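Keeping their order, the protein sequence lines are chains A and B. The numbers in the numbering used here rise by one with no breaks, and the one at position 271 of the first sequence is 271. Position in the second sequence (from 1) plus 1000 gives the number in the numbering used here.
Worth flagging that the hints you see were computed from the coordinates, not collected in a lab. Since this is a predicted model, take the numbers as computed values, not measurements. Don't take each hint at face value.
Said to hold, decoys possible - Quick list of in silico lysine to any residue cross-link-like pairs, SDA-like style, CA-CA up to 20 Å:
hint : chain 1 : residue 1 : chain 2 : residue 2
1    : A       : 98        : A       : 76
2    : A       : 70        : A       : 104
3    : B       : 1022      : B       : 1037
4    : A       : 130       : A       : 142
5    : B       : 1022      : A       : 93
6    : A       : 98        : A       : 130
7    : A       : 105       : A       : 5
8    : A       : 70        : A       : 83
9    : B       : 1015      : B       : 1030
10   : A       : 105       : A       : 76
11   : B       : 1022      : B       : 1010
12   : B       : 1162      : A       : 50
13   : A       : 98        : B       : 1015
14   : B       : 1015      : A       : 94
15   : B       : 1022      : A       : 50
16   : B       : 1162      : A       : 76
17   : B       : 1015      : B       : 1043
18   : A       : 70        : A       : 57
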Amino acid sequence: MYVRSLWAERFRNLRRLELEPHPRFTVLYGDNGQGKTNILEALYLLATLRSFRTSPPGAVDDLIQMGERKATVGAWVERLGVERCLRVEMSREGPGRKQVQIDGKTARSGAFFGGFNAVLFCPDDLRLPKGPPAQRRRFLDRAVWNTRPTYLREVQAYERILRSRNALLRGEGRTGCSSQMLEVYDEQLAAAGAVLVGRRVAYLQDLAGGFHAAFARVSRSGLSAEVRYHASVPLPVEQGETAVQQIAAQLRQRLLDDRRRDLQRGFTHSGPHADDLEFFLGGQPAAAFASQGQLRALVLALKIAEICHLHTVLGDPPVLLLDDVSSELDPRRNAYLFEFLQEISCQGFITTTSPRYILLDAAERRDFQVHAGEATLANHVL
Amino acid sequence: MSGDPIGRLVRELSKLPGVGQKTATRLAFHLLRAPAQQVRDLAQALLDVKERIRLCSRCMNLTELDPCALCQDARRDPHLLCVVANPADLLAIERTGSFRGQYHVLHGVLSPLEGVGPDDLRLRELLQRLQEPGAQVREVIVATSPNVEGEATALYLARVLKPLGLCVSRIASGLPIGGELEYADGITIARALEVRREM
Ligand SMILES: Nc1ncnc2c1ncn2[C@@H]1O[C@H](COP(=O)(O)OP(=O)(O)OP(=O)(O)O)[C@@H](O)[C@H]1O
Ligand SMILES: [Mg+2]
Ligand SMILES: [Zn+2]
Chain A
1 MYVRSLWAER FRNLRRLELE PHPRFTVLYG DNGQGKTNIL EALYLLATLR
51 SFRTSPPGAV DDLIQMGERK ATVGAWVERL GVERCLRVEM SREGPGRKQV
101 QIDGKTARSG AFFGGFNAVL FCPDDLRLPK GPPAQRRRFL DRAVWNTRPT
151 YLREVQAYER ILRSRNALLR GEGRTGCSSQ MLEVYDEQLA AAGAVLVGRR
201 VAYLQDLAGG FHAAFARVSR SGLSAEVRYH ASVPLPVEQG ETAVQQIAAQ
251 LRQRLLDDRR RDLQRGFTHS GPHADDLEFF LGGQPAAAFA SQGQLRALVL
301 ALKIAEICHL HTVLGDPPVL LLDDVSSELD PRRNAYLFEF LQEISCQGFI
351 TTTSPRYILL DAAERRDFQV HAGEATLANH VL
Chain B
1001 MSGDPIGRLV RELSKLPGVG QKTATRLAFH LLRAPAQQVR DLAQALLDVK
1051 ERIRLCSRCM NLTELDPCAL CQDARRDPHL LCVVANPADL LAIERTGSFR
1101 GQYHVLHGVL SPLEGVGPDD LRLRELLQRL QEPGAQVREV IVATSPNVEG
1151 EATALYLARV LKPLGLCVSR IASGLPIGGE LEYADGITIA RALEVRREM
């Protein structure tokens, strides 16, 4: 898929942006704080209706230009030969604070997802192996969501059940916490949780081969690279529907075993919200043993595997958003990154403070200088 | 009561859902200009719903007569009972014309997040009705919406009703997940009822 044109109005510091990207690579360069990442954020918003740097990710207030009430972003996106006009309008007040349109018609967010897939790669990702578990879960959930739009619903349902169960444990409101009520929420949480665990594990299994191969190329070493999923309960060997039922049964038992502790602390200790990923290098836990450079190579390989897998699943390459990644990679890995980018058929948007990091041929790129929220086509000689 | 009748009217109107200060003011001036009879009719209609509409003592639906017309209809299958969250859901199912059993309205769904527990629903009335001598219900169909709260309510009902020797079933999930029954179309509702599954 590819973005033919992009525009943004009163979005962050982008007062009025119009941009015609290159079918291959669009390089956004400029000094710090000029709006490069804001442009990637606009694209990410069009793909996911979320930001990667607001909290919560669905919040709109920070996205609207200070002193303004509304912001709009839009793009013409072509996917498998079909071109669509996507538009998101954000407003500070009212019930529909985010309104989405496809080809000029108001759409429900469910219909919006799946038409435009973007994969973001940012400096934060490079801290994945050693960062907090929530970051790894977020990476995984976003990756799975990209492969199946309905996963979002499943995650949201799980989160609502979890919040309900926690409220029940704390005896909030007048509900009272009878064991019969808890059993209901145990059953619901186990069923919904098992679905998430099943999808996450299946995703990682699909990714395993590509990840290992990509790491071998990035690091030019024979060490094995692996990501393991740590679930709250033992996982069955096979996958599929019966596996999900087995996980649900295990999870239910665990909730029952945990009940006293859960009641004492007022929250649910076990479930996919508490699961984690661990990276292994040559069979050793990478967070503890790998060098800084190896850790970065692991993440780079993981992102590459994610992109390739998504391409296979969608039958169409996703759009890549690379935020300032080159400055964080050593020259050799940076060179490999661009080797990879030139091999695959994705469209990419790349931000940088310095275009000299960007190892792409002139024919494959269009450079824009970003300054004070405006992007101007650059005519520098590379 | 205080003076300033217009101010009072605006205040009262703006308590209605979806009516803000601006709309309330516009409505108040509209009523002020309207013929006296029209305003009197509106006031009477408002009083009437409050005074004449109550809950049916059997099914808890809104009614003027007690028991309600549905509960009195001898042609309805006494072996089948459909449990719904709200009167609006009951209406949605009735409109399809595909359900010939009886109803029970819970007036809500379980929601720890909003502090709604079993005691806040018309559950006691349901249990009483199912256990009274001469009760004929064999199957209870839980037709709450297929979202988190609706599912929790269904699971809870299954837990308390199955020990009574009743068959408890759930409408099929043909409805969009997370969707509201009330807004689903007739064909979808009829189909969801038809291919219900035992819980
Ligand atoms: N809601 C907003 N209204 C106006 N300006 C905003 C808003 N949110 C962010 N900004 C401005 O946007 C700028 C940050 O833009 P952005 O993060 O895109 O910078 P960047 O070009 O990626 O910089 P860096 O190279 O440091 O990453 C800041 O100057 C910030 O003040
Ligand atoms: Mg930036
Ligand atoms: Zn009745």
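May I ask which of the numbered hints given earlier this structure violates, with the numbers listed in increasing order?
Hints 3, 6, 8, 12, 13, 15 and 16 not satisfied by this model.
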